[in-house]
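K.L.:
Under my numbering, the first residue of the sequence shown is numbered 6, with each subsequent residue one higher.
If you are wondering where the hints come from, they were derived from the structure by calculation, not from laboratory data. Hints may be right or wrong, so weigh each one.
What the hints assert, rightly or not - Pair ranges (Cβ atoms, derived): (1) Cys371 / Glu124: 55 to 61 Å; (2) Ser161 / Leu363: 27 to 33 Å; (3) Gly374 / Val123: 50 to 56 Å; (4) Ala33 / Arg111: 42 to 48 Å; (5) Ile312 / Cys371: 38 to 44 Å.
Glycine included, every Cβ here is placed at the ideal spot set by N, Cα and C.
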Amino acid sequence: MAILPAIVVGGAWGALLSWLLGRYVIQAYVRRGTTLFGMAMVTIALGLVIQYTLEGIQGPTTRSYTVAHSRQYHLGAVVMSDLQLVIIGCAAVVMLAVHLLLRYTRLGLAMRATADDVELCRGCGVSAERVRTVAWLVSGALCGICGVFLGLGTGSFDASIGGSLFVTIVAAAVTSSRGASWSSCWRCARRASSPSTPTAGNWSAERPGPMSEALQFYASGVLVMLFINVIAVWGLDLQYGIAGIYNFAYVMFQAAGAYTAAVLALKPASFYQAGQTYVGGFDLPFPLPLLGAAVAGGLLAVPVALIGLRRLRGDYQALAMLVLSLIATGYVRARTPLFNGVTGLSFIPAPLADALGLSRVAYQWCYAGLTALACGLVFLVMRGVTGSPFGRVLRAVRDSETAAGALGRRADRTRTVAFVLGGGLAGLSGGLLVQYVGAWAPGSWTYPETFLIFTAVVVGGSGNLLGGVVGALLVPILIIEGTRFLPEIGYPGLTASLDWVVMGLVLLAFLWWRPRGLAPERRRRS
Numbered sequence: 006m007a008i009l010p011a012i013v014v015g016g017a018w019g020a021l022l023s024w025l026l027g028r029y030v031i032q033a034y035v036r037r038g039t040t041l042f043g044m045a046m047v048t049i050a051l052g053l054v055i056q057y058t059l060e061g062i063q064g065p066t067t068r069s070y071t072v073a074h075s076r077q078y079h080l081g082a083v084v085m086s087d088l089q090l091v092i093i094g095c096a097a098v099v100m101l102a103v104h105l106l107l108r109y110t111r112l113g114l115a116m117r118a119t120a121d122d123v124e125l126c127r128g129c130g131v132s133a134e135r136v137r138t139v140a141w142l143v144s145g146a147l148c149g150i151c152g153v154f155l156g157l158g159t160g161s162f163d164a165s166i167g168g169s170l171f172v173t174i175v176a177a178a179v180t181s182s183r184g185a186s187w188s189s190c191w192r193c194a195r196r197a198s199s200p201s202t203p204t205a206g207n208w209s210a211e212r213p214g215p216m217s218e219a220l221q222f223y224a225s226g227v228l229v230m231l232f233i234n235v236i237a238v239w240g241l242d243l244q245y246g247i248a249g250i251y252n253f254a255y256v257m258f259q260a261a262g263a264y265t266a267a268v269l270a271l272k273p274a275s276f277y278q279a280g281q282t283y284v285g286g287f288d289l290p291f292p293l294p295l296l297g298a299a300v301a302g303g304l305l306a307v308p309v310a311l312i313g314l315r316r317l318r319g320d321y322q323a324l325a326m327l328v329l330s331l332i333a334t335g336y337v338r339a340r341t342p343l344f345n346g347v348t349g350l351s352f353i354p355a356p357l358a359d360a361l362g363l364s365r366v367a368y369q370w371c372y373a374g375l376t377a378l379a380c381g382l383v384f385l386v387m388r389g390v391t392g393s394p395f396g397r398v399l400r401a402v403r404d405s406e407t408a409a410g411a412l413g414r415r416a417d418r419t420r421t422v423a424f425v426l427g428g429g430l431a432g433l434s435g436g437l438l439v440q441y442v443g444a445w446a447p448g449s450w451t452y453p454e455t456f457l458i459f460t461a462v463v464v465g466g467s468g469n470l471l472g473g474v475v476g477a478l479l480v481p482i483l484i485i486e487g488t489r490f491l492p493e494i495g496y497p498g499l500t501a502s503l504d505w506v507v508m509g510l511v512l513l514a515f516l517w518w519r520p521r522g523l524a525p526e527r528r529r530r531s
């Protein structure tokens, strides 16, 4: 088997793609003055666009092939083939080469210095652009080689093979020492897990048919989703747009509210014949499940804020939040007795459905009114918070934490309050959503769902309530829902892949031409 040529070709293709993206996309955004967090959004958008474009081209099928294993070796209780040993040996050689490159060469020293202080390196005669170009080439080559090893080891691949490594790579980068190659290798070895492919959220609204009743059902369903998404976007905007918190785990708090509302509204598991297992099952009446959802989101935000907001800032804060969300998703998947594992919860009752005795369409209009009422109450709370002296302190901390601290304002305390309030709004939106769709599973709150809400915040304009409404209307409703009206082309599910491609392209366009969004925050004069 020609493993060496495969490594060379895979590394070359990875280096070429990485260099092209770094030179013509990433550097272009850097030259336009995109913030560090904005660059993180750019890279995630690029990843989603590439992944789902490949998925649209290749289709949902998995390409399989036969990899010959001539001999097997027994190392205690472990049985390994000769191919697996070759892959491990080659990977060890590559890791050693990377370690020597970063630690003992002038290029590695220049990379570390550029990462610490770009301007100082330029003053010392180091070409930061050249160092970054080499870094893109090396990192791309390593990704390509990793793909070759993974393909040889599994004997199959599909369009999601890169996304399946995202969790492991991010977790290893965050938990290891910065710039320590061996620490990252060790962390990766301990995180040998493969999460499932991210999927879009569960929308219960159906494509409208020729009957007016079906059209009413569809329109009311869109209104329900609009009001729920507005609440979710406002919660994230409070954290990110007003308080300056980079919360990539936002969907985790929405999931906490959804699971809480579900177990509070459901009867005990023994009542159903569907084989569900979950904690709770209290059969509480409306509105207690929704109140519990908001409280659960806020309570979960307290320990996360006390640990994450006090010790981490900037890009490390965003990555740590993302890893926390991924860990939570994996834990819920693995712990079946908690919330029925991967299958999730179903048969979640709609509030007051039996008491009202309405038809399907009439009840959905009623639920749209309920979500509109909840949205109005959240609007009053948000306006009171953002327009108060506390809101001005939040903006001051966001703009300059040092200046706010010099004036006697504790940044960690104010951000913690904003984080808890945002978590409560996320939990409320999750409770409203789960009682509308009637089901909830780990596939409903993967990391792209947080990215979807972030896109709505960026497109609408962060830091103001109007921007949240505009973003929720354009991104989750018009863009995502609009693809449902496209004609069916290719294989079933191709249009669903276009959702994420379009969303990523929209975010890239707004970060390039209008980074402050369609309804930017008005600068207040002091």
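K.L.:
Between glycine 374 and valine 123, is the Cβ distance one that fits in 50 to 56 Å?
P.N.:
54 Å Cβ-Cβ, so the 50 to 56 Å window holds.
K.L.:
May I ask you to test the hint 55 to 61 Å on the CB atoms belonging to cysteine 371 and glutamate 124?
P.N.:
holds (60 Å)
K.L.:
Determine whether the Cβ-Cβ distance between isoleucine 312 and cysteine 371 falls within the hinted range of 38 to 44 Å.
P.N.:
Given about 41 Å between the Cβ atoms, the range holds.
K.L.:
Honestly, do alanine 33 and arginine 111 meet the 42 to 48 Å range at C-beta?
P.N.:
violated (28 Å)
K.L.:
Tell me if the beta carbons of serine 161 and leucine 363 are separated by a distance inside 27 to 33 Å.
P.N.:
violated (50 Å)
The structure shown violates the earlier hints numbered 2, 4.
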